[in-house]
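The listed protein sequences correspond, in order, to chains A and B.
The first sequence begins at 95 in my numbering and counts up one residue at a time.
The second sequence begins at 32 in my numbering and counts up one residue at a time.
Hints are supplied without guarantee of correctness; some may be wrong.
Far from chain A, by Cβ distances over 10 Å, these chain B residues were calculated [to be verified]: (1) GLN119; (2) TRP384; (3) ARG388.
With the Cβ distance kept under 7 Å, some of the chain B side facing chain A (calculated, not the full set) [what the hints assert, rightly or not]: (4) LEU41; (5) LYS45; (6) LEU46; (7) GLU48; (8) LEU229; (9) THR233.
To be clear, the hints were calculated from the coordinates, so they are not data collected in a lab.
For each residue, glycine too, the CB sits at the ideal point set by N, CA and C.
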Amino acid sequence: MGQEDKEKTSPGSTFADWMTAVTDFWLSAGKTWQAEAFRASAVGEKPDGDYSGRMQEAWQVLLRTWQTSASALSSPQTLEAMLKAANSLPQAAMKILHTTWDGYFQLYQMWLKSLGRAGEASKAFSYEGMDPEVFKEWTAFYEKEIQPILGMPQVGLTRFYQERANEAIDKLNRSQVAIAEFLHMLNLPVEKSLRVMEEKLEEQAREGKLSENFKDYYNMWIKILEGHYMTLYQSPEYSRCMGSTLNAVAEFKIAQEKVLVDILQFLPVPTNRDMDELYKEFNELKKKVKTMAKRVEKLESPS
Amino acid sequence: MNEPKIPVDLIIAKLAEDLEKSQERILRSKEVLLGPLETDIASTPYEVVYEEDRVKLKHYPPMAETRVKTPLLMVYALINRETMLDLQPGRSVVQNILKEGIDLYMVDWGYPTRKDRYLGIDDHVNGYLDNIVDFIRERHKIPRINLMGICMGGSFCIMYSALHPEKVKNLITTVTPSNFDTDKGLLNLWGRGLDADLVVKTYGNMPGDLLNLGFLLLNPPRLMLDKYVGYFENIDDKVFVENFIRMEKWIFDSPDVPGETFREFVRDCFQKNLLIQSKMELGGRRVDLQNLTMPLLNIYGRFDHLVPPPMCELLTSRVGSNDTEDLCLDTGHIGIYVSGKCQRELAPKIAGWLKERDGSEMDAVTPESMVLASSKKKPTPKKTSSSSKRDKRNPKGERS
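Bound conformation, chain A alone (with noise of 0.2 Å):
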């Protein structure tokens, strides 16, 4: 096959050969109904006054703004510039979709592991190191691939509108992190007494005073959880991951409320706050009706 025969059978072509194709059809279009605008006019038809003059006017201006670019598109180099963008765009797909599994994969090896550690001997009653890594490689994972995409600014109209979008997007991901970790560490007692239980029952076991009634190894197993529970509580990893919690969960409440008013706004009903609003003037002007009314009493009193 000639470098010709290729150029014709190739995409670009194609697409050059259905432009002039294109432009041709509506060229004469407007060729014809200009002749007949004026046909009309010569037998005394009313051809719509200055109207249909500045409609035809458009017609053409667009026409002739539609053979430039199209002459323009049709070159070869454009259109292989144009192809190439439009190959780039699965690849990029895939690149997103590649880093966000490297993420997921990551973040499951690190279940693993964390696993793994469940069977080794754990010291009772002592929360030390509880394995946040996993919580917190996440994090960083999400930090460094993930937001930077939803921080992207936004431009146009409705930049505002994707901006808190986005922001509501990356506080529900920080929130479900969040509560994540706390459940995780909710569930720390549970190992930990189960593994002190394993050890009381080998040594009850081991001294022959294992009971038949599974009601005391329940009781047994409850209050070592407590105990466990109770030490939890008392540590400063327990209180900073729920304070981060509240946080989160707080600030994706904060960040879905403002989404919930950019939709609200389009509809007839009043936002929380546009209440919030005017229920603090209407707790100010109670405040000062119920003052005044004492004082206005007082004075009508006898004294």
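Once you have looked at the hints, place chain B on chain A.
Okay, now just chain B, sitting in the frame of chain A:
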């Protein structure tokens, strides 16, 4: 070395036996759960004599001849409801107090909505509470009333009595936090690190369900697991089920706490500990504990993990009154009001203490009597007593 032997066969045999018993219990429970159950709470008749916004004042008709002339106003916390004081006939602080011949009023704070989010402690203490006290004084034509506060309601009563000592004849605080500078008590520990501003900004009011979740997390094994195991083990016992459901009804009936009040309480009390230092300000006035010149009875629970003794016991040493008494009962936060032993002890103690200090002050409300009332002091030496027997009959599910 011999391997330790676990009597697996015996354990399995016992388990099978238990399983059989459980099946029988479940069958019997159908009759209980599907039949009529008496689970009403707060069934003692009352009349609403005053209303302001969401707040109501309940007045209970007397059940016995009046033995204490000065009426008693009970002020419950903004967390949960005052219905706990009247759980059921035979387990009701309200009825026990009435049987002691005390004229009883109770504040019902109602259910705050979003419009109440800007109401602070000042609105509750110098607003609603002051109006209620004035209403009772006017109704009975007396200058001062007896005041009794429960938990956070007790803190409000301390603030009120310090700002309006001329209107309070005797003050009783029960499980009332006044000193927050202690590491005892998880709420205290958590309250210090809480970002109350963010909570209020987020939710408006502090949601009751969120508070309840916090209370459950104080002891998940007991409150989220063992309690229901106990319920299941007694599910065929009608009386047990009725009592259990009553307690569940009370526990999960949690109104939201007005946002501003929550923020102020966390900031000024939990985080800055201003109340006990007489540094707290309400409505531009300092809450000076030295103004608490009326007799003070301070009751708290030795095993209270919500408001542990160090949060309560400092109060009597900081007030201006010479007539103070600390009473530490061997029970928990709710056990004081619902346990059988405390039911028998609390009301007679309160009635006896009030009767001793009732006097014959039934004069009309005049500015002179108010001035006189605020300057009176009973020169009784300070005394502290505590109950010695531990109460083991706290019903499961209580916050104690």
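Point to revise | Supplied contact hint for LYS45/B, tested at 7 Å Cβ to chain A | key: holds (5 Å)
**Study point:** Hint check, LEU41/B versus chain A [nearest Cβ-Cβ separation less than 7 Å]
**Key:** It holds, given that the least Cβ distance between LEU41/B and chain A is near 4 Å, below 7 Å.
Practice item. Mind verifying the non-interface call on ARG388/B? Its CB should be farther than 10 Å from each CB in chain A. Key: holds (30 Å)
Review point. Can we keep the LEU229/B interface hint, with Cβ of chain A closer than 7 Å?
Key: holds (5 Å)
**Study point:** When the least beta-carbon distance from LEU46/B to chain A is tested against 7 Å, hint result
**Key:** Hint on LEU46/B: holds, closest Cβ of chain A at ~5 Å, below 7 Å.
Point to revise | Outside-interface status for TRP384/B - nearest CB in chain A farther than 10 Å | key: holds (33 Å)
Review point. Can THR233/B be said to touch chain A, with a Cβ gap under 7 Å?
Key: holds (4 Å)
Review point. Hint check: is the beta carbon of GLU48/B less than 7 Å from a beta carbon of chain A?
Key: Hint violated; GLU48/B Cβ to chain A Cβ min 10 Å, cut 7 Å.
Review point. Was GLN119/B rightly flagged as not at the interface, with every chain A Cβ beyond 10 Å?
Key: The claim stands: GLN119/B keeps its Cβ more than 10 Å from every Cβ of chain A (closest is about 28 Å).
Consistency with the previously given hints fails for number 7 only.
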